[in-house]
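Model the full assembly from the supplied sequences, consistent with the hints where possible.
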Amino acid sequence: MQTSKREVKFILAPSTLYDVLELYKYMRESDRNELAYAIQTTGTDIYSQMITSCISDNYVTMWANDRVVAVGGINAVPDNSSIGIIWLLGTNLADKYWRQMTRLCQKFIETEKPNWEGFGNIVPTSSCKRIKWLQHLGFDILDLKAQIDFEGYVKFYMNTSYTAPKTQ
Numbered sequence: 050m051q052t053s054k055r056e057v058k059f060i061l062a063p064s065t066l067y068d069v070l071e072l073y074k075y076m077r078e079s080d081r082n083e084l085a086y087a088i089q090t091t092g093t094d095i096y097s098q099m100i101t102s103c104i105s106d107n108y109v110t111m112w113a114n115d116r117v118v119a120v121g122g123i124n125a126v127p128d129n130s131s132i133g134i135i136w137l138l139g140t141n142l143a144d145k146y147w148r149q150m151t152r153l154c155q156k157f158i159e160t161e162k163p164n165w166e167g168f169g170n171i172v173p174t175s176s177c178k179r180i181k182w183l184q185h186l187g188f189d190i191l192d193l194k195a196q197i198d199f200e201g202y203v204k205f206y207m208n209t210s211y212t213a214p215k216t217q
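For the sequence shown, the positions run 50 to 217 when the working numbering is used.
In short, the hints are calculated from the structure, not lab data. No residue lacks a Cβ here, since even glycine has one placed at the ideal position from N, Cα and C. There's no promise every hint is true.
Claimed, not checked - The calculated lysine-lysine pairs, modelled on PhoX-like cross-linking and capped at a C-alpha distance of 20 Å, are:
hint : residue 1 : residue 2
1    : Lys145    : Lys58
2    : Lys156    : Lys58
3    : Lys145    : Lys204
4    : Lys145    : Lys162
5    : Lys162    : Lys178
6    : Lys178    : Lys204
7    : Lys145    : Lys178
8    : Lys74     : Lys145
9    : Lys181    : Lys145
Said to hold, decoys possible - Per label pair, the in silico range of CB-to-CB distance:
hint : residue 1 : residue 2 : range
10   : Asp189    : Arg55     : 35 to 41 Å
11   : Tyr67     : Gln155    : 22 to 28 Å
12   : Asp189    : Ala62     : 26 to 32 Å
13   : Ala125    : Asp189    : 30 to 36 Å
See below:
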């Protein structure tokens, strides 16, 4: 008797409040710590800020069948609506399904490029795998060792503007 392996279907879909709750319950510890650092808060404050942001902004959820893998989006930089802060928070499934997640992230980035001059964020310098992953996705890693505010973090950025030289 042959057992059939259940095929996993991966999709991107607009985020709902349910998705944010699932993300919050099963978020990777490293993402929880990074988020707490970035918004300078912890615990239930993180959840309430995530809910508020999900209601006001458009985020996407990456699904593996009926389970949340990650939630991500892009928020405009205050005072500059053409530059975005791109982010992705994953559950424990993000590491398991990293290949499929990479493909979905590439699709998301390509879809969003025309809407922004550029986007980026910060990542811990100790996160070598994430830094390599971001480079694979096309981000440049910017050195910020001189900036105390981001001690232990490095910026990543992607210029999405058309930069070919103009011909006359």
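Query raised in the report: Do the Cβ positions of aspartate 189 and arginine 55 conform to the proposed distance bound of 35 to 41 Å?
Result: At roughly 39 Å between Cβ atoms, arginine 55 and aspartate 189 fall inside 35 to 41 Å, so the hint holds.
Report task. Would you mind confirming whether the straight-line C-alpha gap from lysine 145 to lysine 178 stays at or under 20 Å? Result -> Holds: lysine 145 and lysine 178 sit about 14 Å apart, inside 20 Å.
Query - Assessment of proposed distance window 30 to 36 Å (beta carbons of alanine 125, aspartate 189) - result: 20 Å, violated
**Report entry** Given pair status - lysine 178, lysine 162, alpha carbons within 20 Å
**Finding:** This hinted pair is violated, its Cα atoms lying about 24 Å apart.
Query raised in the report: lysine 145 and lysine 162: Cα distance at most 20 Å?
Result: 27 Å, violated
Query raised in the report: CA of lysine 156 to CA of lysine 58, is that 20 Å or under?
Result: 16 Å, holds
**Report entry** Proposed proximity, lysine 58 with lysine 145 (alpha carbon, max 20 Å)
**Finding:** 14 Å, holds
Query - Hinted pair lysine 74 and lysine 145, Cα distance within 20 Å - result: Given pair lysine 74, lysine 145 holds - Cα atoms ~17 Å apart, limit 20 Å.
**Report entry** lysine 145 paired with lysine 204 [C-alpha distance capped at 20 Å]
**Finding:** 25 Å, violated
**Report entry** Supplied distance hint 26 to 32 Å, evaluated on CB atoms of aspartate 189 and alanine 62
**Finding:** Holds: the Cβ-Cβ distance is about 29 Å, inside 26 to 32 Å.
Query raised in the report: At the C-beta level, are tyrosine 67 and glutamine 155 separated by a distance inside 22 to 28 Å?
Result: 26 Å, holds
Query raised in the report: Regarding the pair lysine 181 and lysine 145, is the alpha-carbon distance no greater than 20 Å?
Result: 17 Å, holds
Figure legend: structure checked against the earlier numbered hints; hints not met, in rising order: 3, 4, 5 and 13.
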